[in-house]
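Residue numbers (the numbering used here), protein chains in the order written: chain A, 24 to 550; chain B, 24 to 550.
Hints should not be assumed to be uniformly reliable.
A pair holds if it fits inside one copy or across any two, identical chains being indistinguishable in the list.
[Stated by the list, open to error] Capping the alpha-carbon separation at 27 Å, the derived lysine-lysine pairs in DSSO-like fashion look like this: (1) K306 x K534; (2) K515 x K306; (3) K378 x K306; (4) K534 x K515; (5) K477 x K534; (6) K534 x K378; (7) K378 x K515.
Don't read these hints as lab results, they were simulated from the structure.
Number of protein chains: 2
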Amino acid sequence: MDPVQSTVEMNPLGWGDAASATPLPDTARGLIEMVFGLDERPPVEHPELPASGLDPVLLDGLRELLGPDHVRTDDETRRLRTRGKSTPDLLRARAGDLSDAPDAVVRPAGHDDVAAVLAFAVEHHLAVVPFGGGTSVTGGLAARREGYAGLLSLDLIRMKRLLAVDPVSMTATLEPGLRGPEAEALLAEHGLTLGHYPQSFEYASIGGFAATRSSGQSSAGYGRFDALVVGLTVATPRGDLTLGSAPANAAGPDLRQLVLGSEGAFGVITSVTVRVRRLPAVKVYEGWRWPSFVVGAAAMRTLAQSGLLPTVIRLSDESETAINLARPDEIGGAPAGGCMMITGYEGEQAAVDAKRAAVTAVLSGLGGESLGEEPGRSWAHGRFNAPYLRDALLDVGVLVETLETATFWSNMDRLYADVKSALEATLGEPTMVLCHISHVYETGCSLYFTVAAKGAADPLAQWLVAKAAANDAIIGAGATITHHHAVGTDHKPWLAREIGPIGVSILRAVKADLDPTCILNPGVLIP
Amino acid sequence: MDPVQSTVEMNPLGWGDAASATPLPDTARGLIEMVFGLDERPPVEHPELPASGLDPVLLDGLRELLGPDHVRTDDETRRLRTRGKSTPDLLRARAGDLSDAPDAVVRPAGHDDVAAVLAFAVEHHLAVVPFGGGTSVTGGLAARREGYAGLLSLDLIRMKRLLAVDPVSMTATLEPGLRGPEAEALLAEHGLTLGHYPQSFEYASIGGFAATRSSGQSSAGYGRFDALVVGLTVATPRGDLTLGSAPANAAGPDLRQLVLGSEGAFGVITSVTVRVRRLPAVKVYEGWRWPSFVVGAAAMRTLAQSGLLPTVIRLSDESETAINLARPDEIGGAPAGGCMMITGYEGEQAAVDAKRAAVTAVLSGLGGESLGEEPGRSWAHGRFNAPYLRDALLDVGVLVETLETATFWSNMDRLYADVKSALEATLGEPTMVLCHISHVYETGCSLYFTVAAKGAADPLAQWLVAKAAANDAIIGAGATITHHHAVGTDHKPWLAREIGPIGVSILRAVKADLDPTCILNPGVLIP
Chain A
24 MDPVQSTVEM NPLGWGDAAS ATPLPDTARG LIEMVFGLDE RPPVEHPELP
74 ASGLDPVLLD GLRELLGPDH VRTDDETRRL RTRGKSTPDL LRARAGDLSD
124 APDAVVRPAG HDDVAAVLAF AVEHHLAVVP FGGGTSVTGG LAARREGYAG
174 LLSLDLIRMK RLLAVDPVSM TATLEPGLRG PEAEALLAEH GLTLGHYPQS
224 FEYASIGGFA ATRSSGQSSA GYGRFDALVV GLTVATPRGD LTLGSAPANA
274 AGPDLRQLVL GSEGAFGVIT SVTVRVRRLP AVKVYEGWRW PSFVVGAAAM
324 RTLAQSGLLP TVIRLSDESE TAINLARPDE IGGAPAGGCM MITGYEGEQA
374 AVDAKRAAVT AVLSGLGGES LGEEPGRSWA HGRFNAPYLR DALLDVGVLV
424 ETLETATFWS NMDRLYADVK SALEATLGEP TMVLCHISHV YETGCSLYFT
474 VAAKGAADPL AQWLVAKAAA NDAIIGAGAT ITHHHAVGTD HKPWLAREIG
524 PIGVSILRAV KADLDPTCIL NPGVLIP
Chain B
24 MDPVQSTVEM NPLGWGDAAS ATPLPDTARG LIEMVFGLDE RPPVEHPELP
74 ASGLDPVLLD GLRELLGPDH VRTDDETRRL RTRGKSTPDL LRARAGDLSD
124 APDAVVRPAG HDDVAAVLAF AVEHHLAVVP FGGGTSVTGG LAARREGYAG
174 LLSLDLIRMK RLLAVDPVSM TATLEPGLRG PEAEALLAEH GLTLGHYPQS
224 FEYASIGGFA ATRSSGQSSA GYGRFDALVV GLTVATPRGD LTLGSAPANA
274 AGPDLRQLVL GSEGAFGVIT SVTVRVRRLP AVKVYEGWRW PSFVVGAAAM
324 RTLAQSGLLP TVIRLSDESE TAINLARPDE IGGAPAGGCM MITGYEGEQA
374 AVDAKRAAVT AVLSGLGGES LGEEPGRSWA HGRFNAPYLR DALLDVGVLV
424 ETLETATFWS NMDRLYADVK SALEATLGEP TMVLCHISHV YETGCSLYFT
474 VAAKGAADPL AQWLVAKAAA NDAIIGAGAT ITHHHAVGTD HKPWLAREIG
524 PIGVSILRAV KADLDPTCIL NPGVLIP
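Using the sequences and the hints given, assemble the complete structure.
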């Protein structure tokens, strides 16, 4: 199948396939009206796209490299490659601001095409923004364009091959343009899975997973994406870099870990070799209720430090639990209270049974109340849908966004309180701050916050103030500015504080070495 | 206790405490004589140390920084800080060549002292070689001195504090000069363990583990050292670098992984925060016999890919098994044949029992023959002693050395055959090449070779030819030049082939950024 033809493009004003967009259910609408009031704010219709400013001679040069069909300047294609999917990105698009649109969209067919485009871009000083799934929520696609002869979106939509499978070593080599479901479908033909399911799974790409150090909802069982990668091929403006001679080694610094998280600023990842697992025979998810977030978190820590983690484990705080339970069929019943944990097990039946029994014994012993499989099924059913809800809420004037961080266990309570306070203080009443622990490690965990507030007259400015306050709280607490959303343009000042001037200096040195004329994603990642 | 006073210095002509050196047992001596002949080659007595070439004014400056007692130029101290413990290092020392001796040994008390020494070294263009345990086997302590005002050994012997313990997050912060047993003793006071036991454990240091990406004999259970590290403090000539805001994150490239494996060429690691575990209640090791190396390796792969690894797992090939079994009490019995695997389990009794039962079922099902705990006890008893045997063999003219590599499972057979052939072809008859799988991963494993050959008139030249052939075979097979021995000076040309010109360029760029006057371990690591 033609990879371009088969790709469902995302709604440029919101999340996912426009056909899947869902209006607010009536009951939710009532709740929203009660808390925030309804303030219909439809997107601007027919916003104008800035004209492509690219010299026709350069366009001809690119067409010679890639073929005429793979260099696009039409409005529709350029609009679909404008920015990512953060709430600020959506607010700008909904307000009709498409000023970050690329001058052209180029579609390389493989590594050599990418290298050729980079050489061309160096020669003519064109900025190049690698585009995988377009799901960045940190401004990773909004590169600086001043001073360049133009800005190209390097669309990896044609690079969707499964290049190799090694069933003995249990690795697979994938091209970067494969989206989550496409990669899983190709691997499934070999009875394999990557097991990487971030919330953006349906649209995000393999290259993006690597370039942003993605972490999936099943990372407790399968590992973060950076832990899955054993090899990489990268096209840089200075030449090719091929890494991955062994699962692990002592041959100097691990340069793979320098490419992972490099967000297109050091080079374009043109293939990723990942550890794969056999497709699980069984997948089962279940719910647990805890008397409080603190008690539930302590139970997660016990599991992580006992080497007893399920495939999926997440814990909502009291507020998030209350909201999640406020579904039509539960409204009217007694409020459930406490905190909801989801645990999931994937694998062979015997292994699932053994792990589940061991985890169940620990959780029961620590005061958890098993709620059976229904909450698990419900979570699994809706696990990729939250971003659609955001669009519906933005439509009625509710400002919604998420942010995440991570820290060591001993610092979790402080981090949770500080971030929550910072958001509540800056967003004003009414604001709801929900949180869940999305990923756990032996030494710590991530905190994932969802915020809903009554949108101000300028919701973008409103959010940027709140986000800065939250970021200050995160760095002030000694935590990381991002656990799995990457740096992009939005987190740069706080990354600088997190890694300090010497850390920044290293990133700049590597950037200057690999991309001396700074054509790659200028303004992204490097403070 | 004074950390300098309490440190047992290693025999400068061989491994470990000279008091623990053991002559060849009579039976082994007979075997050696039969295979190689005996050719007594005692070390040169009273070799001359080059005079310290350091300007007295500089010495005074260093003494002002650190105090007079912590700047040493006496022959004995300098001799103890000359080179590491590779066979080439020992052959040079035994031949009376101490030309790599430092001009002075300086002993900082902590991070600030290290930073002050680096600033002084930059100002006066002194080369600085960080010294932890002195156990490098890749020439990591033999820095280039030409063009410098002198060469300092930066001895971390006074930096032996446990700086912090976080029992909630299960982390500990250690100074780099702590040797393995010292770190374990401090942690044991808190009921904790690092669980990191490389063969060099008794002498190697925390800083060295980090700087070289060490891997321990229990890494299947506890993880490689680079997997244990969650935070680092580094003094560089440009300033301090502090990393580790969370267990894992997406805040750009993981710069910790750039410091790990940097071998003192980017900066001096002044503290390491590591994941720790509770001291195991139970430690049990046992032996398994396999009909062949291939069958045993396939069983290891099955365990690794089933998530069922014991704490320790290693498998000797047919030759190594035969030699290891050729102990006095076994000689005369029927030759055992096959391949010996050691498995070990550490932890709480219930967890050990469960894991052991599960692993036993898999191994039995795959054709393994359980040999019970005696071979396990025997392995555990002698696990750190092999380097002493090397000294005794060098004394009788047998050339002995080890080397290691790693690859993906599907490439293991080729790598094994190629390296073995390269060594046998270059060392001539009689040569014994023994091998074991020392570490396993889901996607691959390491191969650890031990070589014994009849020493030529110039055994150093003899070994360098063989080592180069083995390295060529490793890189030719697409494997890594080192799984856990690091790069040093010895592996540099092959590292360049492994990571390619762009990889080398990155290392050079980081080096130039952090150490612009190239005072840190010049000539080490960076091709």
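Status of the hints after comparison with the structure:
In this homomeric assembly, K306 and K534 never come within 27 Å of each other (Cα to Cα): the closest approach is 43 Å inside a single copy and 48 Å across copies. In the homo-oligomer, the alpha carbons of K515 and K306 never lie at most 27 Å apart, since the shortest distance is 39 Å inside one protomer and 47 Å across protomers. Taking CA atoms no more than 27 Å apart as the test, K378 paired with K306 passes in both settings, with 12 Å inside one copy and 23 Å between copies. For a Cα distance limit of 27 Å, the shortest separation of K534 from K515 qualifies both inside one copy, at 15 Å, and across copies, at 24 Å.
In this assembly of identical chains, K477 and K534 lie within 27 Å of each other by CA distance neither inside one copy nor across copies; the values are 41 Å within and 50 Å between. In the homo-oligomer, the alpha carbons of K534 and K378 never lie at most 27 Å apart, since the shortest distance is 45 Å inside one protomer and 46 Å across protomers. For the identical chains of this complex, K378 and K515 are neighbours neither inside a copy (41 Å) nor across copies (45 Å), given an alpha-carbon limit of 27 Å.
Hint compliance for this structure: hints 1, 2, 5, 6, 7 are not met, and every other hint is.
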